[in-house]
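Starting from the given sequences, assemble the full structure and let the hints guide the process.
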Amino acid sequence: MIDLKNVVKRFDDFTALDGVDLTIPTGTSFGLLGSNGAGKSTILRLLSGIYKAESGEVLVDGEEVFDHEKVKERVFFIDDETVQFGHFTLKELKDYYKGFYPKFSEEMFKQLAERVKLPMDKKTDTFSKGMKRQAIVITGLACGTDYLLLDEAFDGLDPTMRIIVKKMLVDAIIDRGLTTIISSHNLKEINEVCDSVALLHRGKILFSRDLDSVKGNIHKVQCAFPQEYTREAFENAEILHYERNGSVHYFIIKGSEDEIREYFGPKSPLILDIIPMTLEEIFIYEMEGLGYSAEELDK
Amino acid sequence: MNEQQTIRSHIFTQRSFHNGVQNVLREKRMLIVLTVLHFAAAPLITLIALGQILISHMEPEIEVYAGIGVCTTGAACLWGIACAFTAMPYLYKRTTVDMRLSLPMSSTQRFASDYLSGLFVYMAPFLVNQALTSLLLLLGHILCDGRDYVYHYHSREAVRWHCDIFGTAASYYFRILFAAVLIMIMFYTISVLTMTFCGSLMENICYTAMFNALVPAVIALVSYAVSEAVKGAVFEGLCFVLLPYTSPLGGCIYYIMMMEEDSTFIEYAMWALGFIFCTLVYLGLAFWLYKKRSVKAEYTGKPIVYTAFYHVLMVLAVACVVYGFMSIDEDMFIASVIVSAIGYLVMSVIKNRGFKKFGKVVLSFVVTYVAIIGSYLLIIGTECFGAGRFVPDPMTVQRCYINYLGFDDRVYSSSMSLEYSQTGAMFTDKDNIRTVTDLHRYIIDAGEEDIEGENEVISFCIVYKTMLGRTIMREYRIPADVMTDKLIALDTTDEMKTARIKKATAEIWRAARRIREVRTRRGSGMPESRWDISVSAMYVTDANTQYIREPVMSDSFYSGLIDALAKDIRAETPDQYFGRTKSRMGYLNVGSYSITITEDYTNTLSFLQGYGINGIPVIDREMAESLLYNFTINLTNNELEEYIDGEHNPLYTGYESYNSNDYNTITVTTKNLYTEELIDIITHSRKHSVSENGKFLISLGNGTAIPDESCNELVRDIYISNVMNKIIYGVAYDYREDSYSLFLMKFAEFYKDRIIERYGKDMYDVLVTYARTGYRVM
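Which chain is which? The protein sequence lines are U and S, in order. Under my numbering, the letters of the first sequence match residues 1 to 299, in that order. Under my numbering, the letters of the second sequence match residues 1 to 778, in that order.
Wrong hints could be hidden among the right ones.
Examples of chain S residues toward chain U, derived with CB under 7 Å [as the list claims (entries may be wrong)]:
1) H18
2) S107
3) E298
Quick caveat, the hints were computed from the structure, so don't treat them as lab data. The C-beta atom is built at its ideal place from N, Cα and C for all residues, glycine as well.
Written out as structure tokens, the structure reads:
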């Protein structure tokens with residue numbers, strides 16, 4: 001299990017993480033969402049022992065990660081940079097990491113390499129971006145760690161390869177209880193791969209829960225009323241977004257379906273459509289509620 | 001932090017070893033390049049020498065290859081910076097941070113592994129090539145050393161030579177090798193150290209170069225300033241307290257100086273220990289900064305991670321400029337401000353990547369400059385806090401060394417080598433030390449430049465070693481006779497005798513090695529040469545020298561000779577030593593080394609009799625005639641000098657600085673007129689003596705002598721006649737110098753009766769007029 005307890009991380013005057021509390025159970029596939037500069041990559045780097053928190057605890061299976069090689073050997077971090085191992089061939093990359101991770105599986109590496117059909121003896125800096133990502137993903141999986149941290153996991157992968165990589169991750173999660181933490185802006189893939197997510201904004205966790213309850217807790221509502229209502233009539237609801245087109249009101253509102261029906265019921269709506277949202281829509285409207293929207297940023 | 005984390009992990013694990021191996025494999029190309037560069041130096045030079053000898057039988061000509069080798073191995077040695085960079089790229093290259101720092105190693109393991117793997121890449125090519133060189137030297141020693149070779153050079157004449165090159169080279173080679181290894185390791189460690197406080201490649205290179213240049217430069221410049229401020233302070237003595245240990249450049253300077261004979265002012269082992277200690281300090285500092293920095297991986301890419309070290313380097317840079325300019329000329333104060341300001345501000349702009357916080361930068365420069373110029377003025381103004389006037393109390397001095405070995409002997413060396421070359425006189429007796437400190441105090445109180453004496457100004461070097469382990473070195477320039485006046489009380493002490501014996505021992509063994517070397521090279525069948533053992537009379541010529549006929553090579557001979565000499569020196573009484581007895585004097589010559597002996601050196605003469613030398617040759621009339629006609633004779637008039645000064649001046653001989661060059665020394669141009677008198681004077685002069693009542697000195701050929709008192713009248717007559725002859729026969733030139741005028745006036749006064757008696761009143765008046773006006777009016 002991963003635990004971040006009141007973690008603060010600063011870069012000079014900038015506070016990247018401001019009292020973050022986060023728990024990630026073992027065996028889950030966890031997605032980190034957030035605006036640019038929210039602190040997603042910082043969390044991953046704290047968990048992989050690259051950074052040290054100013055305060056708070058960063059625990060993996062109850063132990064501090066930083067400067068602790070026994071803990072770090074349970075964690076493999078795949079960042080979004082692929083240039084640093086460009087001078088390796090795939091075989092050399094395998095040999096490099098094999099010496100660091102005691103549970104490295106040659107057999108798994110071979111199988112995965114055959115699946116993605118990468119050449120073993122060409123230097124990886126001759127690979128495309130997607131091929132480099134495949135190379136490091138299969139290396140990371142073959143290392144046999146308990147935790148796999150991926151920053152922009154699917155960046156550069158073609159649609160077919162995305163499916164393959166997703167399947168690899170899922171197989172690993174199922175077969176050996178791998179815990180994956182994926183940071184990505186590709187919310188469609190987070191939606192497909194992850195079962196829990198956390199949303200960050202400006203160094204703070206807005207929420208952290210399983211995907212179903214995230215989706216079940218925010219809806220798009222389309223309704224019309226026999227009376228004239230203005231925006232102010234709905235102040236007592238947690239509304240992230242409101243629009244009106246004639247007599248039809250459009251809401252993005254927090255709450256379960258039952259709670260929403262209960263809320264609008266007294267107003268006797270003529271039409272009440274409750275539409276589930278995609279993760280992308282949830283992200284956009286949650287951020288908009290915090291003032292992080294395209295219109296605000298364009299000003 | 002839980003209990004498990006408090007348990008320190010091992011530094012050297014399989015993982016850290018694997019990391020190191022991977023680092024080395026990644027730098028395969030660099031390994032190959034460095035190997036080739038190092039091969040082009042010592043191994044190639046040795047191979048070429050071996051080839052030239054084996055194939056052409058020539059004495060090796062390797063100058064061109066040596067030049068190339070110095071360049072290639074120098075370039076490879078400087079590559080230490082690059083080896084450090086490639087071992088720890090995550091300290092300056094952002095793209096490598098995630099990959100390297102996420103690996104399951106602790107920061108200690110990572111530092112050790114990366115440091116050692118980079119060091120391996122740097123040193124392995126060098127060491128492999130030196131191992132090859134060692135093998136080649138051994139091969140050369142087996143195949144070539146000890147043999148005689150003949151080859152025909154351009155002239156077609158046969159050139160014979162004896163080979164001992166490889167054995168001789170090996171003794172120097174291994175000492176150089178050990179020092180080179182230490183210097184390279186320090187250079188690499190400094191490169192790692194600067195990487196820990198810089199976060200970008202450009203800053204790394206720049207500050208590594210600055211560190212390597214500034215540390216020795218500041219030490220040298222501050223030492224120079226202190227040596228200028230403190231009268232008598234020895235620049236090398238101050239500089240070499242720190243310089244040889246604290247930087248690769250300092251280590252190289254020490255080593256080059258140490259390779260010169262008699263310059264072992266710091267023992268090799270002591271230097272090596274000190275150098276290793278400093279390297280470990282730098283390594284410890286680098287590790288500490290690395291650990292501090294490991295918690296801030298995000299700093300990679302910042303120009304300077306720890307600004308404290310940047311400020312340290314900038315302080316050193318400003319100090320270099322200030323002390324450099326002010327040491328040249330204190331009027332260059334404005335120049336020092338301008339140059340240091342420009343340098344400081346440019347570096348700040350580069351560090352800050354612009355003009356951010358420029359006001360703070362200017363303030364920082366002002367504070368730095370004021371502090372440094374303040375330190376300079378404080379050192380100069382207070383003579384380094386009164387150090388210039390400090391004379392240690394004899395009771396606090398454990399031992400002291402001086403370059404005075406008796407009234408007729410000096411060590412031509414600086415204070416730096418007095419202790420370590422052991423050719424100076426060492427005193428531990430408090431009374432003897434007091435004699436030295438009394439002279440030291442006299443020099444300070446009188447003022448070095450204001451001390452007046454009769455003779456040439458020479459260096460007086462002192463080294464004190466205090467009870468607390470402090471070393472104080474001083475060098476002053478004072479007249480030779482003033483120094484002797486004050487120190488002559490030490491001449492017949494046991495400690496001075498010990499010093500003279502030590503010097504004789506060292507010189508005789510050195511000469512013995514040279515004799516063997518020459519004999520070995522030229523073959524044992526060569527006739528006697530000037531490089532062998534002989535005893536000669538007071539004035540050395542071939543005619544009055546006896547040689548040992550057979551070349552002497554055995555250690556037992558030299559040991560026996562030294563023992564005999566030591567006994568004689570110890571037994572010598574003050575009267576014998578100061579030449580107050582009539583025993584005949586001569587020289588014992590061992591190769592190029594000569595020591596004065598007398599007939600009282602019975603042990604030495606008895607020892608040499610067993611080798612065919614029968615005592616000190618006599619200077620007979622024939623020999624004196626030969627000396628008279630083959631050498632220029634100068635007479636120095638001490639009685640006239642005393643009359644002019646109004647002070648009593650003892651006469652010293654045996655040391656050329658006692659030769660006076662004042663107007664009271666004249667060259668005898670009338671040898672043919674005074675032949676018999678001069679022969680008489682020569683045969684009755686004592687070349688090694690001190691005379692409290694001496695009237696004249698005679699300089700003949702290779703030194704000065706004091707004529708016997710019975711000859712004083714003769715010498716006086718010759719002296720007066722030579723001065724007068726110049727005036728009478730128009731040889732004296734018209735002059736304008738007051739000092740010569742004073743001399744002639746005093747000469748006329750002192751010898752008035754004699755001059756009138758011999759030359760008449762008219763000539764006396766001519767002399768007086770000439771003395772007053774500078775014109776001869778006959």
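So, going through the hints one by one against the coordinates:
1. H18: Result: holds, 3 Å to nearest chain U Cβ.
2. S107: With a minimum Cβ separation of about 5 Å from chain U (threshold 7 Å), the hint on S107 of chain S holds.
3. E298: 5 Å, holds
When held up to the earlier numbered hints, the structure conflicts with none and fits them all.
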